[in-house]
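Chains A and B, in that order, are what the protein sequence lines are. In terms of my numbering, the first sequence opens at residue 1 and continues consecutively. In terms of my numbering, the second sequence opens at residue 1 and continues consecutively.
These are calculated hints, taken from the structure and not from any lab test. Just so you know, not all the hints are guaranteed correct.
Said to hold, decoys possible - With a straight-line Cα cutoff of 20 angstroms, these simulated DMTMM-like cross-link-like pairs (lysine to aspartate or glutamate) come out: (1) Lys-267(B) x Glu-247(A); (2) Lys-207(A) x Glu-273(B); (3) Lys-271(B) x Glu-201(A); (4) Lys-267(B) x Glu-201(A); (5) Lys-207(B) x Asp-220(A); (6) Lys-29(B) x Glu-160(A); (7) Lys-278(B) x Glu-160(A); (8) Lys-271(B) x Glu-247(A); (9) Lys-278(B) x Glu-201(A); (10) Lys-278(B) x Asp-205(A); (11) Lys-271(B) x Glu-337(A); (12) Lys-204(A) x Asp-349(B); (13) Lys-271(B) x Asp-229(A); (14) Lys-267(B) x Asp-220(A); (15) Lys-278(B) x Asp-149(A); (16) Lys-202(B) x Asp-274(A).
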Amino acid sequence: MSENSNGSILKVNNLKTYFQTEDGVVKAVDGITFELKKGETLGIVGESGSGKSVTNLSVMRLIPEPPGKIVDGDIIFDGLDVRRLSIDEVRNIRGKRIAMIFQDPMTSLNPFLKISTQLMEVTRLHLGHTKEQAYQHAIKMLKTVGIPDAENRVDNYPHEFSGGMRQRVMIAMALSCDPELLIADEPTTALDVTIQAQILELIKDLKARMGTSVILITHDLGVVAGMTDKIIVMYAGKVFEQAPTAELFATPANPYTKGLLKSVPDPAHESGTDLYQIPGLPPDVAHLPPGCPFAPRCERAEEICHRDYPPFVQINENHWSLCHFAKEVYAESLKDEATAPETELEMKVDE
Amino acid sequence: MSENGNNLISIQDLKVHYKVGGGLFKETKHVKAVDGVSLDIEKGETLGLVGESGCGKSTLGKAILRLTEPTGGKVLYHGKDLAHLKLSQMREHRKNLQMIFQDPYASLNPRMTVGQIIGEPIKTFGLANGRSVEQKVQDLMETVGLSRRFIKRYPHEFSGGQRQRIGIARALAVDPEFIVADEPISALDVSIQAQIMNLMEKLQAEKNLTYLFISHDLRAIRHVSDRVAVMYLGKIVELADAKEVYKEPLMPYTKALISAVPVPDPKIEAKRERIILKGDVPSPINPPRGCHFHTRCPYMIDDCKRIEPQLVEIKSKHYAACIRINSEKPYVEENAKQGLGAIGAGKPD
């Protein structure tokens, strides 16, 4: 997709965020490393409790402390060492240079304040707008995200907007200061498919126009397939696999990724057949087994998997997998890929 | 719709209207959550019911079971009209008609153990007593893939997927014939969704169950259903075999719904042309006149604002409600190219 990558906007190196709970230490994020180039879109995929949201809250320094704490690692945003910034300096970045969209547009807006007030707050704080400038800017942003009749709607309250419209308002707010990095945490999970398509199209469009880098967090493999340049698959606080999007889908090198891909019912394929299911439950992160955290649910687990922690194997320049048998799994995927028929979507979509 | 002996449940012109507003100086308005739905559910099939939030699909499911009172129409089940039974008579039928709810967190009593939750309907209907209740509960737990050892545990000790299994066990406890599953997998993780779908299919095969599977997730609906009904603002707008609906949707709305579903394959995604619908689902308080979908439809003509389309058989066993198509000319885009106007069944609104 975007090839204007003239350097990295965000580097996360061996990030560890732990939570102190009654149950002991929960290693919500345990040694995550990734790099996001300017203009790129990164997808972070995982089930609940995999640490995908905590990773991004850590980047924004939004981890509630206590019980949480970033115990190790570096977060470098455009040359700035985020972990060592003072809280005032972080506030200058948050909302201005890094913006975030949350899952639930119902609870992320203040129900007592007009949309205009909430949008104006951001630009008055970060861009030093006067009241009038901020008001005009708020209208402009609502237009940008496609709210009809923005001049009048700007003075509405959140409850007067539908879910999809509220999510648009959240995006307008996030983009108000022209951020360099947009973190979208399950931005469409609470929305209907038709509205989801609108919002994803909007993010794509804005990205193309403004060159914003995006981190898209989701549990939906369908959403990341069309939106991202590369993907991180997380499980139990670890990166299980990391690869460019097309490669991850075509030739996964991790049994967990493979299982996830297979367990999504694919409208292009025959129904009535039994859907592949990953057995067992997502792990309790407070009590991880020794060895590979996925081993108890893994089809091809061998003795070594239950005993030793797996290595992070490099498959090629951009493709990594946390598995004792990463190379073998990758080889199988290559073979499957070579023999798989070209998949076509059944429905012809007419112009 | 076709009359045949295989129907377990036959819904005829079912309506659920709620009053909103009103009061001394306010005008009373009606929300037409379900507005004249006719559907036959065949024995042993899974009928998928799909639509956006607010389209009335959950209300329809509840109205069939009288968990919401219908305000009109009939629900025929073994020759009896459930919609007009006395509540005491309805109670007898509840044994055969069960429901699985969306939220496995909210639908289980936190103060009851799993044994009590699953055992309650068994005792209520007097299906077993004393020791044999516990035996039956344990068997049910095994059936849905929960360990017997968990019988004394409370709901909070389980994960979402396990709680959904408890909900399924509770529904199965009375040996029902028909189950309404209202978004049974929406609150679950991807890997767990597959487990629950497979479990429901396995149970259907073993116990010859009939499902009404309500979901907004088209991928799940496609996977589990034999036939699919698409709902929009209180009405069924398309009904056909699951495969057919996906391969050749007739309604512009169904096409848009299907094209909006992201496919987990970057190659397909890159090539795909999406139909992006403008705007949201209109409010059911004041639904648009004529065809409810006309405000968002790319093929809208003036007649759509006046004429209310009827659900008719366009192709064999494929029903749709659109005035721009009929059985001779079933493709709306071709008809639009030829400039054909209102050719389908409908009545002036």
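Hints and how they fare:
no. : hint                    : result
1   : Lys-267(B) x Glu-247(A) : holds, 10 angstroms
2   : Lys-207(A) x Glu-273(B) : holds, 19 angstroms
3   : Lys-271(B) x Glu-201(A) : holds, 15 angstroms
4   : Lys-267(B) x Glu-201(A) : holds, 17 angstroms
5   : Lys-207(B) x Asp-220(A) : violated, 32 angstroms
6   : Lys-29(B) x Glu-160(A)  : holds, 18 angstroms
7   : Lys-278(B) x Glu-160(A) : holds, 18 angstroms
8   : Lys-271(B) x Glu-247(A) : holds, 17 angstroms
9   : Lys-278(B) x Glu-201(A) : holds, 12 angstroms
10  : Lys-278(B) x Asp-205(A) : holds, 16 angstroms
11  : Lys-271(B) x Glu-337(A) : holds, 19 angstroms
12  : Lys-204(A) x Asp-349(B) : violated, 40 angstroms
13  : Lys-271(B) x Asp-229(A) : holds, 16 angstroms
14  : Lys-267(B) x Asp-220(A) : holds, 16 angstroms
15  : Lys-278(B) x Asp-149(A) : holds, 14 angstroms
16  : Lys-202(B) x Asp-274(A) : holds, 9 angstroms
Checked against the numbered hints above, the structure violates hints 5 and 12; every other hint is satisfied.
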